[in-house]
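*Asks:* What follows is each chain in one-letter form.
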Amino acid sequence: MRQRRFWGAAFAYLIITLVSVMILIPILAAFITAFKPGPIQMASPPVWVFQPTLDNFERVLFAKKGLLNLRNSIIVTTLSIGVSLLVGVPAAYSLARLRMRGRKQLLGWIISLRMIPPVVVALPFFVLIDRMGLYDTYLGLSLTYLSFSIPMIIWIMRGYFARTPHLEESAMVDGCSRLQAVWRVLLPVVMPGLAATALLVAMVAWNEYMLALILTGRNTATLPIGAVTYVTRVRVEWGELFAMNLIIAAPVLLLAATLHRHLVRGLTFGMVE
Amino acid sequence: MGHRPDLTVEGRNSTWRARYRQFVKRHTGFLWVAPALFTLLAVIIYPMIYGLYLSFVDMNLGQQGAPFIGLENFQFVLQDDIFLNSVSKTLIYVTASVSLSFVFGLGLSLLMRKIRWGRSLFHLILISPMAIAPPVVGLTWRWIYNPLFGLLNPILGFFHLPQQAPLGSPETAMEAVLVVDVWQWTSLVFLILYAGVSSLPREPYEAADLDGAGPWMIFWRITLPMLTPVILVVLVLRTVDAFRTFDLVNVMTAGGPALSTEVMSLYIYRVGFKFFQMGRGAAAGQIMLLGAGLILAIYFRFLYRELE
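Note that the protein sequences, when read in sequence, are chains U and F.
The letter at position 181 of the first sequence is residue 180 when you use numbering that gives the first Met the number 0, and the numbering goes up by one with no holes.
The letter at position 174 of the second sequence is residue 173 when you use numbering that gives the first Met the number 0, and the numbering goes up by one with no holes.
The set of hints was computed from the structure by calculation and includes no laboratory data.
Ideal placement from N, C-alpha and C gives every residue a C-beta, glycine not left out.
Heads up, a few of these hints could be off.
[Claimed, not checked] Estimated spans, in silico, between C-beta atoms of each pair:
(1) U:Asn-218 x F:Ala-33: 43 to 49 Å
(2) F:Leu-51 x U:Ala-256: 38 to 44 Å
(3) U:Lys-103 x F:Ile-44: 37 to 43 Å
(4) F:Phe-275 x U:Arg-183: 40 to 46 Å
(5) F:Gln-162 x U:Asp-135: 38 to 44 Å
(6) F:His-159 x U:Arg-234: 51 to 57 Å
(7) U:Trp-6 x F:His-159: 27 to 33 Å
[Stated by the list, open to error] 30 Å max Cα-Cα, derived DSSO-like pairs, lysine-lysine:
(8) U:Lys-64 x F:Lys-273
(9) F:Lys-273 x U:Lys-63
(10) U:Lys-103 x F:Lys-273
Full structure from sequences and hints, please.
*Replies:* What follows is the structure, encoded as structure tokens:
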């Protein structure tokens, strides 16, 4: 029995280590290439010993449009998350606590929005946004991001509210309005969950590619759109491309590492704890 | 005369206020949902209705007017070999992506339970691919697959295997993209299933151990049945995501070579934004939506009960 358990664990270690190596090789190779000086980027087979340099980052950010892309990504993400929290959190509270006709149906409807293929709404989005004169504006892109961020926030926050004791009710007995009570008493309690939710949804907006591809031009192109421009049919600037990739991926990887407890709930719309 | 009207005004005011209070009290639930609801109606439902309208008109970007043409767009799309090609590519993509990532993710989540040392480190590594933006993953793998500067050929050369250019040929491009898809999304399956596995109760396992049940028996009789709700959630999420995949494929191959990787999302994108035929693109979109609806129907049939 004990021996079988030992071999089981050894087998598990072997497989998990192998898979980890397969995951890490592309990530580390890309990471290292971002710090390669120009001349050896094209060497074949790749050179792995060299003096690391920040040249690629410098060129991407200052000589090319990286800094603008970064700024655009931050603005669009912040704008869409801000608005979604503003309308989504009260809705989540209501759907967790208050009695209302058709509540179940409403929740089902909100979750079904997750199933819509984005390309289906991308065409009408483009025509409508263009007609409103919002093509290549922060407002235009942020508006379309609400279509996934609000449902995510409602579902995840509903879960957090549902498991919090009814603290706001006692504050209401003391004469607060519901809004005041929720704001002053309940919100501080769910704050960690609220922060995690906001960051999770921000990750999705930060990584979004298709809508940005369709709705942004030279002024508001976000980071993923910027990264793709380093690859053309004629020429690829590998070092610069991976510097850009690192700028996109590093913050999200750090967030995922710190938030991994909340990740499951966020990705499954609160269906799996 | 000076006093009385004032009184009535005040009286009326207070009844209005009372009515307002009563209204708020009775409809608090709805009032708190209303801002989100109306925003969603504006940013999703209205565009979807507009998309439905588009599918019945002849709208070409850069052309004036959009005459109503009935079902002509649908007729065109359903007779278009390239659309039918994209449907079959999507089916291949969804089947391979979902089944492979599921099997690998499930295997990893079960193996993870057997190890003690370094569990949180491995967990972190195994979940990292899904955090990275798909275009970034796609571009990185384009470099790996690159026959001249990439990583793949030096590795193949080390094992004395023939050199490859996987994205260059219609025979291998789909497999090459699917490898990357599975590389990225196995991590999602693992993350969710491992959370499910970790929250399983211990007692049935202890009982099975006492009865001397083998690992295979334990898996089929205990783990799998208890994990079913979580497995269904994972399968639905993966199916929906694989069905609508765009970013990875567009960045890696843009549907080529020779349409060998053109899934439905890419077809619609190309018709709409390369050929500027919004009507036809929207019609193909409605057909795709129908497919998503089918998945949704299965989902509600099996999952909504578990949820409540």
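*Asks:* Could you check the structure against the hints above and give me the numbers of any it violates, in ascending order?
*Replies:* Hint check: 1, 3, 4, 6, 10 fail, others pass.
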